[in-house]
Amino acid sequence: MTETVTLPAIKRIEGHGRVALHLDDDGRVADAHFDVIEFRGFEKMLEGRMVWEMPLITSRICGVCPVSHHLAAVKAVDALYGVEIPRAALLLRELMHLGGFAQDHALHFFFLAGPDFLTGGGASRDLLGVIEARPDLARRAIALRRAGQNVVEVVGGRKSHPVAAIPGGMSRGIDRSQRDELLAAAKGMFDDARSAADLAVETTARLMSENPGYASTPRYNMAQMRGDEFAIYDGTIRIVSPDGSGFAEFDAAAYADHLTERTLDGSYANSPYLTAEGPDKGGYRVGPLARVNMAETMGGTHADELLAGFRERYGRPVHSVLAFHHARMIELVASVERMIAVLEDDEIVSDAVRVRVDRGIEGRGVAAVEAPRGTLIHDYEVDMVGRVTRANLVVATTHNVGSLDAAVLEAVQGFAKEDALTDESVLRMELGIRAHDPCLSCATHEIGRMPLVVSVHNPDGTLVAERGVS
Amino acid sequence: MSKPTLATVSLGGCEGCHVSLLDAHEGLLDLLEAADLVHSPFSGDEEIPAHVDVVMVEGAITTEEDLRRLHAARASATTLVAVGSCAVLGGIGGLRNLSPVAEVKARAFGDHVTKSERLPRLRRLVQPLSDFVEIDISVPGCAPETGLIVDALVAAVSGNEFSFGVRNLCDECHREKRALLEHSSEFVSDDVLALMELDEIDPKRCFLEQGLICMGPMTREGCGAKCTAANVPCRGCMGPSRLDYEQGAKTIDALAAVLPAGGIMYMDDLIGTGYRFSMPVSVFPGALDHEGGDDD
Ligand code: SF4
Ligand code: SF4
Ligand code: SF4
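Protein chains in written order, with our numbering: chain W, 1 to 470; chain G, 471 to 766.
To be clear, the hints were calculated from the coordinates, so they are not data collected in a lab. Here a beta-carbon is modelled for each residue, glycine too, at the ideal position from N, C-alpha and C. Check before you lean on any hint, since a few could be wrong.
[Stated by the list, open to error] Computed far set for chain G versus chain W, every beta-carbon distance over 10 Å: (1) S628; (2) E646; (3) N701; (4) A726.
[Stated by the list, open to error] Stretches of chain W that chain G covers, calculated by requiring three or more beta carbons in the stretch to come under 8 Å of a beta carbon on chain G: (5) 44-50; (6) 226-236; (7) 308-320.
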């Protein structure tokens, strides 16, 4: 069968999200892949660089969540040289992370996914649509982003690609007046975060009732947690089974014993799975939904109330990817509450923010943080002088590749090719993709909107149809 | 009179320049008042319209698809604004030019490096926009400060000139510098150190005098010396202050009088530090790779 149908709507849009659907012998959709088409080759570029420069270089992987890479890298170097950083440095790093985390979640909810559910029918489904149709929400989003980015800049030295986390601690601390200013701003964020969460409760419920049962296949969940508590900076990595029972718990350094990265022909992203379960059964999910599923406490009073409400409504664990939106806003509230707690800790203004670290060990440093989109792992091997000989980075979006594929497949499984390419089908695929908030830099390369190119392939891989939708 | 039109395009980069633009916060709303945003990663159709008054381009040319989109942007734009060190200098992604494409892919994908023909083909080298098209306004930085991007776009939209300082970063840096100005027969330090190796980080003294490589003397001003103010040496993200010299070669040139050259070579990573953001405009591109791009 070599029939090729090119639908009139098709345009060449390489720079966009791409989905490949595969037909079975009966011409029905049997498999689906969300493909990543960007590749910058960082792992090779890092070889030969000095390991203490990793926090400054790897932040450039992603302009949307540079703080996560900055911190995962610096923690890996601390681990390599076996240093304990002073408590004040721990607080400062966590604070910087929370600032970046909060602004990122606000960006996604209001401006990136928001167009799916915040604007009415007539408005354009993009950031401009939100600004036009809901200027009140746009102002809220801007206020949250401004405050979050300000935390990153004051603590990290710069808001884009921060610099102040160095092996052994921080290059410098903050003083009392900076603390007071940040604390006032964090308290100011609280109301905006709460009303965002209220909005998320309502819109998630609506999305779920409009799309009953959509994309809710049970999967494993994975997150780094501090015991039973939601934590984004440190902890141990935990995996729970699809039924919610514990499956594994390990230190980030042991990630390679539990996860296998599989490469894909049609994508520049690798797709990891749980080694013990194999590629077919070992798919897992990371990010807000996984974290909220696994946490006993979010670490803040209001966020815990939201968590209880979430459980009451949807049970535990929740597998519907549309619940990502709700979970993300619970995390926004939790991070603002945690930010306030960290800033109220007097040690945050201590001068003792670093210990000296010497090079001279050959070895390996591995560490993880929870990035806004999920677990981020940095792994470096270095020589005696401190030069990187091998680097491996597992970014959040790659963990979710399997979950993304499943969401896309559920939207159109069993459809004939014509039905798989209707506007309605494509919208449904988009809804599932966007709920995950795939890292826009490393995955879709588009901020805020995700025009898709959907292609359909025969069992032998030949292209039979394709369409682009903006 | 109708408002001027504005488009923004993202090629091989990290979106950090776009995020820096978003960081204008309310200022973004003002910019959207002054110009109609007709196409961007946030909004509009997939392809850039045939005519746009001002087009901002982020990112370097890394794939054939980047190049196609750059030509479309140039054909559409009255004024083309290259934003960020990736667009202006090739940027940090240019460090991949040190290795053949096949090795870069092998490192990421192991033995399994064959990729579908439907993926955009990687070019042999990462290159700045100016290797292919004429650029009207360049704004270096990784990412450039929000104010610099907004000023450049406002100037472009209103048809004004845009320029900013071309002295070096030491000029903006608040640190006391003596070694750079005085002749001495001694090096300031026996070793070249990493920041983490200092007993104390002196918040007032020039980093070079503390035995560290700082890219200030080889780097263009304009960022407000943010890193040195945060007690971290400059890594040169604004690129060279004049494009007629090599940022990395200049490092040896400028520092050899202050720090022991052997230490710079052995204790540090001269290429990865000196050329971190400007490898694609150095003498190095292509020197190490005769294999061609993706599938050659
Ligand atoms: S210049 Fe820097 S911030 Fe801008 S796209 Fe390139 S890496 Fe990202
Ligand atoms: S070399 Fe660095 S620390 Fe010294 S004056 Fe220049 S920018 Fe400042
Ligand atoms: S100090 Fe140097 S590295 Fe830091 S922002 Fe300025 S130019 Fe870039």
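Exercise. Are at least 3 residues of the segment 308-320 of chain W within less than 8 Å of chain G when you compare beta carbons?
Worked result: violated (count 0)
Exercise. For G/E646, which was marked as not at the interface, is the minimum beta-carbon distance to chain W over 10 Å?
Worked result: At roughly 17 Å from the nearest Cβ of chain W, G/E646 sits farther out than 10 Å, so the non-interface label holds.
For this session: Please settle this one: G/A726 was flagged as non-interface, so is its CB more than 10 Å from every CB on chain W?
Result: holds (19 Å)
Exercise. Per the stated criterion, does the least C-beta distance between G/S628 and chain W lie above 10 Å, as a non-interface residue requires?
Worked result: Holds, because the least Cβ-Cβ distance between G/S628 and chain W comes to about 21 Å, which exceeds 10 Å.
For this session: Confirm or reject the coverage of the segment 226-236 of chain W by chain G under the rule of 3 or more residues with a beta carbon closer than 8 Å to the chain's beta carbons.
Result: violated (count 0)
Problem set entry | Outcome, coverage of the segment 44-50 of chain W by chain G - at least 3 residues whose beta-carbon is closer than 8 Å to one in that chain | This one holds; 6 residues, not fewer than the three required, reach chain G with a Cβ under 8 Å.
Problem set entry | Check on G/N701 being off the interface with chain W, judged by Cβ distance over 10 Å | violated (4 Å)
Against the hints set out earlier in the document, violations occur for numbers 3, 6 and 7.
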